[in-house]
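J.: Sequence:
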Amino acid sequence: MSVLFRIVYASKCNGTHHKLAMDALRYLDLPESEQWTRLFLKHADSYIEGSKAPDKRFRDFRNHVLHVEDNFWGGAVKTASRWYDQTVEAIQQENWKEAVYSAGVLSHYYTDPIMPFHTAQSEEETQMHRAVEWSLSKSYDDLFALFEAEYQSEIIRPRSHAQRNELVQDLVLQGATQSNRHYQNTIDHYNLDYGVQDPPAGLDAVLRETYAKLLGYAAIGFARILEELFRDAAVKPPAVSLTLESVFSGLEIPIRWVTRKVADREERLKIEALYQEFVQTGRVQKHLPEDDRLVRQWHAEEVRGVSLSQLNQVALEPMGTAHGQGGDSEKTNFLHRVPRDLRTAYELSRGNRPGVVTTIEVVGPKPVYDNQTSVSPRPTFDRRPATPVATPSVSTPSITPTPKIVASSKPKIRVKSEQRPERQPIVSTPETVVPPVHTQTQKPVEEKWIPRRPVEPRPVELNRNDSRPVESKPEQTRPVASRLEVPQPWIQEPVKQEPVKQQHAVETRVEQEPLPLDPQTGIPSRPSRNQQESKRNTPQTMPIREERLKYYLHRSDNLVDAPSIGPKTAKRFQKMKIKTVDDFLNCDPEAVAERMQVRHITADEIRKWQDQAEFVCRIPNLRGHDAQILVGSGIHKVEHLEGWEPRTLLEFVEPFVESPEGVRLLRGSGQPDLAEVTDWLRWSNSARTLRAA
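When you read off a place in the sequence shown, starting at 1, and then add 21, the result is the number in my numbering.
Honestly, the hints are just simulated from the structure, not real lab data. If a hint is listed, it holds; no wrong ones were tucked in.
DSBU-like cross-link-like pairs, simulated, lysine-lysine; straight-line CA separation at most 30 angstroms:
id, residue 1, residue 2
1, Lys658, Lys73
2, Lys592, Lys571
3, Lys77, Lys118
4, Lys307, Lys291
5, Lys73, Lys307
6, Lys77, Lys629
7, Lys291, Lys40
8, Lys658, Lys592
9, Lys118, Lys257
10, Lys40, Lys629
11, Lys257, Lys629
12, Lys73, Lys33
13, Lys629, Lys600
14, Lys118, Lys658
15, Lys629, Lys658
16, Lys307, Lys77
17, Lys291, Lys33
18, Lys118, Lys73
19, Lys118, Lys592
20, Lys600, Lys658
21, Lys257, Lys73
22, Lys629, Lys571
23, Lys596, Lys629
Quick list of the computed label-pair ranges, beta carbon to beta carbon:
id, residue 1, residue 2, range
24, Gln318, Arg289, 23 to 29 angstroms
25, Gly655, Glu287, 16 to 22 angstroms
26, Gln113, Gln318, 37 to 43 angstroms
27, Gly587, Glu169, 52 to 58 angstroms
From the three backbone atoms N, C-alpha and C, an ideal C-beta is built for every residue, glycine too.
Please model the complete structure; the sequences and the hints are all you need to start from.
T.: Quick look at the structure:
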């Protein structure tokens, strides 16, 4: 381990994700491993920032989990695969800083499912999740040293015959399956009382052994992903000089120590507040961390099918009852044969995963009714035992609630314009009974159910006092509606049977087919990257009304049209032969800032302007001030919008909007609201590549 590596590790790594990302570099097994490590150390700040960005910036907590026993609920697999592709693309473009940052983000989505509490959900786990992670963070150095000293020989490098992003999918699935075996064991062995007072003391010998192996497995597994990533990019690492960077890293150590102590104190206060609520009320609700709270809510609604109020009534099972039992003499049998068909099982279960709509085929409204044994083209009514023929009568009106429509599971989304007309209700008056409406797409109702030609039916009168039908004559006749119940609220004058308009059917199609929605905002979840690249117009992004999409910036436009670039600044760039937006996007910020010699135009400022221009070039309907808000808030790439919930994104940009810089940017215009932020996310579904701009 080089001196610079130790300096960076000691000064900049203050959490589990930081250290796992750095430790993975030590397990690279390539001829160019040393050169790649030096590149990552040069951009260590970006690497460290990326490894924690999903928690701090993206906050897409659904993508941090993969519940193995719940049909692989969660988005870790697809998100890790997407960031793998983005990292490869950045390396091929030799955008080294962005590549290192993306690799850090990828490390988070790979290592999170290797922690057992990210592979399942229970009320007991929710109470101790934050405390367990705190104990692991404070014990990381000791646990990893234990792994290297005693268990390193037991851990085999994750294997897969797949390549590229399919290898990433395999390794994420393998890691989640391995760690899920220790889920209940962690609940039984972790002592919450000890862990709050002294974080390492919450882990007994069994958990120390288990998590030492899991941490080592995560570091080795991510090194395997980095190796495949470098081979896939097929680019040689650049020559890097680290002399100057090593000096600056050494000077930052005292500042990092102060920052770390402040962060430790804040985390301890949060853990103590959580523990006090648990002791006083027996359940943590008020002080539940945001990530635990959201995952708990989504899992309850989408997997268990219960409300939070019902979930709060579930009694907690005893926790920590096995703390101190077993130990070094009782091995945890970490190595376990992982099923070979994990990816196949994952693909088959994609229809049950929230936020992914790649498993719905829409060929007109093609519903499947819950709690129904069969689907009939005729209207469904509440059926009751038939009344004897001798005493015909019409039952008390009763309307069956509208059945829930569930899309059938298919591997692709396919939308056809042909629509099935809406079913018309049966309308009846005291004098006549109108048979069901026959349309061209519906088969005629069978004669045995409703006679086409009733034999001399007698008028039926309704007694409004007791709501029972009374026959006008005592003669016995064949009942016309003996097996058909006529709902009383529908008794009205006969209406003309008009064909259903095709336009109306198209407008109601999206409303009839419920899609996976966000539980807070009701906005459809983001599609996968493959769907975005192949066909953006999917059911979850298709608006009810047509919306005109327009790109307000192209690479061929003059630079003055780009956000934040005024006429005076554009002339400065023009003197350096940077005239178009394309010239500006391809320029080197450091070289341009050095040549321009303008105090307020720094390399970092130029990078921000480039990110703003890329946003407006790629996302339709997005204006310059929208891009300025996103970049000013810390979202620098279109891909970083993936997985955001509209309300969470609004809360994320509010601090910048309310800052002096944001107020100056808006110039008295209104701040973005939830509807506007929702538009940003919806428009980003139609984002084009920069090459196509």
